[in-house]
Amino acid sequence: MSFARWIPAGLLAGACLAATAQDARKEIEKYQQMIADSSPVELFELEGEALWKKRQGAKNVSLEGCDLGLGAGALKGAYAQLPRYFSDADRVMDLETRLLHCMTTLQGRSREEATKRVFGNEDRLSEMEYLSAYIAAQSRGVPMAPGTSHPREKAAFELGRKTYFYRGGAWDFSCASCHGEAGKRIRMQELPQLFKPEYARPVVATWPAYRVSNSQFKTMQWRINNCFQQMRYPEPGYASDITVALAMFLTATGAGEPYRGPGTKR
Amino acid sequence: MRRLAIPGAVVLLAACASLPVGEPPALSEQDLIEIHAVLKRDFHTRGIATMARLEPDAVQRACNLHHDHPPAELAKTLEAAQLKAIPFPAAGLMGDWRNGQKLAQSGIGMQWSDKPGSASGGSCYNCHELSPQEQSFGTLGPSLRGFGKTRGSGAEMQRYVFGKIYNAKAYNLCSQMPRMGHSGTLTEQQIKDLVAYLLEPGSPVNQ
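Going down the list, the protein sequences come from chains Z and U.
Counting in the numbering used here, the first sequence runs from 1 upward without gaps.
Counting in the numbering used here, the second sequence runs from 1 upward without gaps.
Derived by calculation from the structure, the hints in this document are not laboratory data.
Glycine included, every Cβ here is placed at the ideal spot set by N, Cα and C.
Among the hints, erroneous ones may be present.
[Claimed, not checked] Among chain Z residues calculated to face chain U with C-beta under 8 angstroms, some are:
1) CYS178
2) PRO197
3) ARG201
[Stated by the list, open to error] As a list, the in silico BS3-like pairs of lysine-lysine whose alpha-carbon atoms are at most 30 angstroms apart:
4) U:LYS102 with Z:LYS184
5) Z:LYS196 with U:LYS40
6) Z:LYS54 with Z:LYS116
[Claimed, not checked] Short, incomplete list of chain Z residues facing chain U, as computed with Cβ under 8 angstroms:
7) ASP67
8) THR104
9) GLU235
10) ILE242
11) GLY263
Okay, chain U solo, but in the shape it has when bound (with noise of 0.2 angstroms):
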């Protein structure tokens, strides 16, 4: 009914103008170096949220310049030197679900809001479903519901596990999930928490 009392002519201005409206752009090496210096120029540090935070790495450049989707030959070069970065312990991956549990529902950390060496949660029901028994949980990420109980437990699975959270970009160049390790949100102990959390057969997430 609304709509009926546009006037026409606003409606033929909206549809003459020429902007590219609706589609997403592809982003060329001089756009990144543009982007980059307004980003310079108008943001600031503000707590612990530094301006060092805005220099881009080899991983955000080839997935802006590809679209989130690189060359099979660069993702494999990058992927395998993002996962030889990780420092994996020596042993004993398994940490305690129950403080994995605190941390995953945890959002804070890393926020220009946070005191210096605050520590961070995991934000892993942001974008997760893993316990049945939360019910408030985001879908930007696979469910991870039953996590340990399809896919076993055994130390190659604590393995991949623990270098997923550290840094996904390691198993999947342009995945949308911050490298928790590697961007120092979490530390070794917390992904090993985090690791049983998904992992052990009496966690929740796995019953």
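Bound conformation, chain Z alone (with noise of 0.2 angstroms):
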């Protein structure tokens, strides 16, 4: 006696489905390994250390003199301890942003100039984009600890996490409109409920990260930029004060996981 006969056409549906889901999800597993050894990510640190040790600005100097919190030119374990306050800049920032005022400071490089191209293309990346390559390798194995005990950092925290449920903008969506359930895809693509830490530690643990499809390198403040673009709400500033927040908290909710990054995604 069969039992097929009585599934349901669409359960069967259901099961095609979900295995051309993990058919698919294997495939970029087995990509993801297959580019692993010959990773084009460490020919950005490469490029990304040049870039440090570069001397540039009015002050001609390098950036090997900027402080990411671990003290000047510190860079072991520098990125996951980001974001944070620094009483210097009297500011929560992220590496970017950190990074953004070390060259206008330090280097003496106007915002302008600095913010010109902060996201690259296939071609080439941006010199942010490099430059973070090359910086938050050098946390990998270290756990992710942002900065959560000054009260400017827990400000930052909750202005994340209240923006991310926030609904606004043309379509009316907040960030939790898509990664607001569990087990939910646009399109093929699943979407992580990012405001839980087993969700947000993988992702904090893996950005900046390649992009197979598009052959890019892209950073935390490039997905921030890219989701509001999704989302239809007008274009939130380089290193603003919503965008570092709502960074600091996908960090702080996925805090703990050891880095692992710079990452290789879909």
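Mind docking these for me? Both chains are given alone in their own frames, and the hints should help you get the complex.
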């Protein structure tokens, strides 16, 4: 006796679809393993190191004197303790915000010049992207531990948390419209519930990341910017408080996960 | 294995941080004012995505204040106002399902990278299953497969589907579905084409 004939067609279709999604995931995993040995990220890290050491700006100095929170020039584990509050700037800063601060103060570059091309393309990464690859890589194995004790750090977390659930814009979207419920997808792309630690941890442990689908290297500032673009909002300012607050919310939610990036995304 | 390598102190520190991790917040009137002020300060118009989009309307306000579960009376009042504002065409709500299919597939439009005046898609497949021939569909919204076949395609149903696409908030105030007509994303004719895609017996959705 066959039970198969009693299985509703919808269930079968569901099973086939699940198989398709699983196959797609397996293929991506396979590809990720394949490119791991010859990941372009290593080349980006090398380019980032050169830019870190390159003399630039009105003061003609390198970024080697930049303090990312562990002292001037200290890079080992520095990315993993961001975002955090910096008293010299009186602001909570993520990596890119801090780098921009060093470019304008230490190197004497104008904000306009330093932010002219913050998001690169498949032909050439931006300076920020190269630097992010180089600096983040030096936190591999270090648990993510952003600042969470200073009142300003707590305030940034709280602003990020509330904004995550705030609906607005042309399409009435909040972050939670897509990243709110478990097991949802846009097309075939699975959507992590980023306000929950179990979903945020692997995400914050792998950004910035190389994107296989378009051969580009992307930072968290870009990720947030692109979400707002798809939400049909106007554009958030680069390294603005709102973007840092969202990065703080995500990173603090995913805290404790050892950093294993820069990662590889679909 | 990797977890074992985490120094105990770090784990303890993480546990001691008193941040309300993992819990959705309740948004107060004051929160809405503050977030709106931050958005106005930190965002800028780019291309067609203007700052005017950040001005909250009564629907967004109610849904934010009540965590998408407004009191029944308030929801009823606001839904009625949204419904009243839908410009239903006098007759002939069935467009061309073939064009509707193209619109359902297309996710372009309304982004700052889109040219002013360029036509938008409906982004339907981003969130809904529709035709069994399209396996790449999102699951944020309910499956609409066989929609017309199971619900019929009479005048009432046509009117409902047109209205729902034009302004989903007229039927369910805090629906996550964008108000495709109300927001200026889709034109009347485009929505008619989507009505046909959902309801026409010959549409792939109903095969």
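Verification of the supplied hints:
1. CYS178: 7 angstroms, holds
2. PRO197: 6 angstroms, holds
3. ARG201: This hint is violated: ARG201 of chain Z lies away from chain U, its Cβ roughly 11 angstroms from the closest one there, beyond 8 angstroms.
4. U:LYS102 with Z:LYS184: With a Cα-Cα distance of about 23 angstroms, the restraint between LYS102 of chain U and LYS184 of chain Z holds, given a limit of 30 angstroms.
5. Z:LYS196 with U:LYS40: Given pair LYS196 of chain Z, LYS40 of chain U holds - Cα atoms ~28 angstroms apart, limit 30 angstroms.
6. Z:LYS54 with Z:LYS116: Roughly 18 angstroms separates the two Cα atoms, so the pair holds.
7. ASP67: Violated: closest Cβ of chain U sits about 22 angstroms from ASP67 of chain Z, beyond 8 angstroms.
8. THR104: With a minimum Cβ separation of about 18 angstroms from chain U (threshold 8 angstroms), the hint on THR104 of chain Z is violated.
9. GLU235: 4 angstroms, holds
10. ILE242: 4 angstroms, holds
11. GLY263: Given a least distance of 15 angstroms, the restraint on GLY263 of chain Z is violated.
Figure legend: structure checked against the earlier numbered hints; hints not met, in rising order: 3, 7, 8, 11.
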